[in-house]
Every structure is written in C-alpha cells, then in structure tokens.
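Visitor: Residues per chain, in single letters:
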Amino acid sequence: AQRVTQPEKLLSVFKGAPVELKCNYSYSGSPELFWYVQYSRQRLQLLLRHISRESIKGFTADLNKGETSFHLKKPFAQEEDSAMYYCALSFFGTYKYIFGTGTRLKVLA
Amino acid sequence: GAGVSQSPRYKVAKRGQDVALRCDPISGHVSLFWYQQALGQGPEFLTYFQNEAQLDKSGLPSDRFFAERPEGSVSTLKIQRTQQEDSAVYLCASSLNIAGTRSDTQYFGPGTRLTVL
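Chains as they are written, first to last, in our numbering: chain A, 1 to 109; chain B, 1 to 117.
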C-alpha cells in the first residue's frame, strides 16, 4: 500500500541553521510529491511540488526515486518558518493525496 | 479572492447525534475533496467529487458517513449516529481541474473541529 513516512514529529533548530525535514514514501510507480505547510492558526497550504522544481521561501525539495525520498531543505532557517509541515503523495489514476503524519518545525531565536 | 470556506468551524455533538458539515469550494473548481484529520495525524482522504459526481468514496470509514454535492458546488458531509471516534478535524479542499490524471493544487478550507462527547 502507498504510504508516506515523516519520521520526526518535532524538529527544533536555531535561527540561521540549516533545516532538513525528512519524507520517505512507498510507491512503486511514478509519484507526485508535495510539501504542505500549516502556520499557526492558518489553513493548510501548498509550499511546493516536485514537478515544479522551484524554491519557495528558500525551501527546496528533490525527489530521489532510488531512496524514495522527498526531503525538504532550507539552508538558513528563519523564525517565521516555524510551522507544521506535511509531505503528501499522489499518482496517476488516483484522486487522493496520501499525507504523512507531519513534522513540527520550531526555529529558535 | 475568497478561498474555501467551511461551517461550522466548531461542532460539539453528543454521542448518537447526527451532524452536517458544510464546504463552500472556490468558485469554478471542479474537484472537491473531504479529509479527516485525527489529533496528531495527517489528513486522511474520505471522498472525492468531480462536479456533482462522487467518484471515490473509498475513504469513508463507515456507512454512517455520507457526502453530497448536488449542484456541483457546495458540499455537505453528514455523519449519522456520531461516535467518539468520529472526533477529528474535517477538512475540505478544492482544485480547479479534474483529479486523477495529473495532480492539481488542492486548496484547503480552515476545517471543522468535531468533538463527540
């Protein structure tokens, strides 16, 4: 069955430090991967998707099919990056997104 | 512009009561999704509508859950005879295009937090 694993429930880093939020997926075909973010008291919103290959708010994520991973990275964390981050998987022929359990990122001053 | 809206934002129900949760998607969006998010978990897919057609209801946990979108815009998720395990945040999302071929960006509503006592 398709699955998304985010091994860290909580990740704390200091401001200016690099950040890596891990995401591994289980799917044998061609996946579409997404990162969604939820800031405090706000709704879930798309941060980036792998097919766009873009950097949003300094975040990037590369799909590694060999390792079945889609880790989210930022070289220098900012306090405003503190939020809940969800990795999600979709693929051709399905209507659904399969979400991971999320990682709470805390950026400390 | 207006995003996806959901009402009520909070609902407390006694076990056994029926509840109805409403979702207003972004105008013109073809696809509408419902998700259930339990405490400490990620959203879990419940059902999908393409316009008024319910094309996938594989995620509905029991026959107590029913969803409709009769005119292809507003959708209602109904839960009959609520149980404590139904307590969760119910999220609605919409996307512009038809899902299932290439995944389109899903825009989420703020959610309805349901508490069953």
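Bear in mind the hints are in silico, worked out from the structure with no lab data behind them.
None of these values were measured; they are calculated from a predicted model.
All C-beta atoms, glycine included, are put in the ideal place defined by N, C-alpha and C.
It cannot be assumed that every hint is accurate.
[As the list claims (entries may be wrong)] Some, not all, of what chain B presents toward chain A, calculated at C-beta under 8 Å: (1) GLY42; (2) TYR48; (3) GLY59; (4) PHE65; (5) PHE66; (6) GLU68; (7) ALA99; (8) GLN106; (9) GLY109; (10) PRO110; (11) VAL116.
Visitor: Work down the list of hints and note, for each, if the structure agrees.
Guide: Do the hints match the structure? See the list:
{"no.": "1", "hint": "GLY42", "verdict": "3 Å, holds"}
{"no.": "2", "hint": "TYR48", "verdict": "4 Å, holds"}
{"no.": "3", "hint": "GLY59", "verdict": "7 Å, holds"}
{"no.": "4", "hint": "PHE65", "verdict": "15 Å, violated"}
{"no.": "5", "hint": "PHE66", "verdict": "18 Å, violated"}
{"no.": "6", "hint": "GLU68", "verdict": "17 Å, violated"}
{"no.": "7", "hint": "ALA99", "verdict": "4 Å, holds"}
{"no.": "8", "hint": "GLN106", "verdict": "7 Å, holds"}
{"no.": "9", "hint": "GLY109", "verdict": "6 Å, holds"}
{"no.": "10", "hint": "PRO110", "verdict": "5 Å, holds"}
{"no.": "11", "hint": "VAL116", "verdict": "22 Å, violated"}
Taken one by one, the earlier hints fail for this structure at numbers 4, 5, 6, 11, listed in ascending order.
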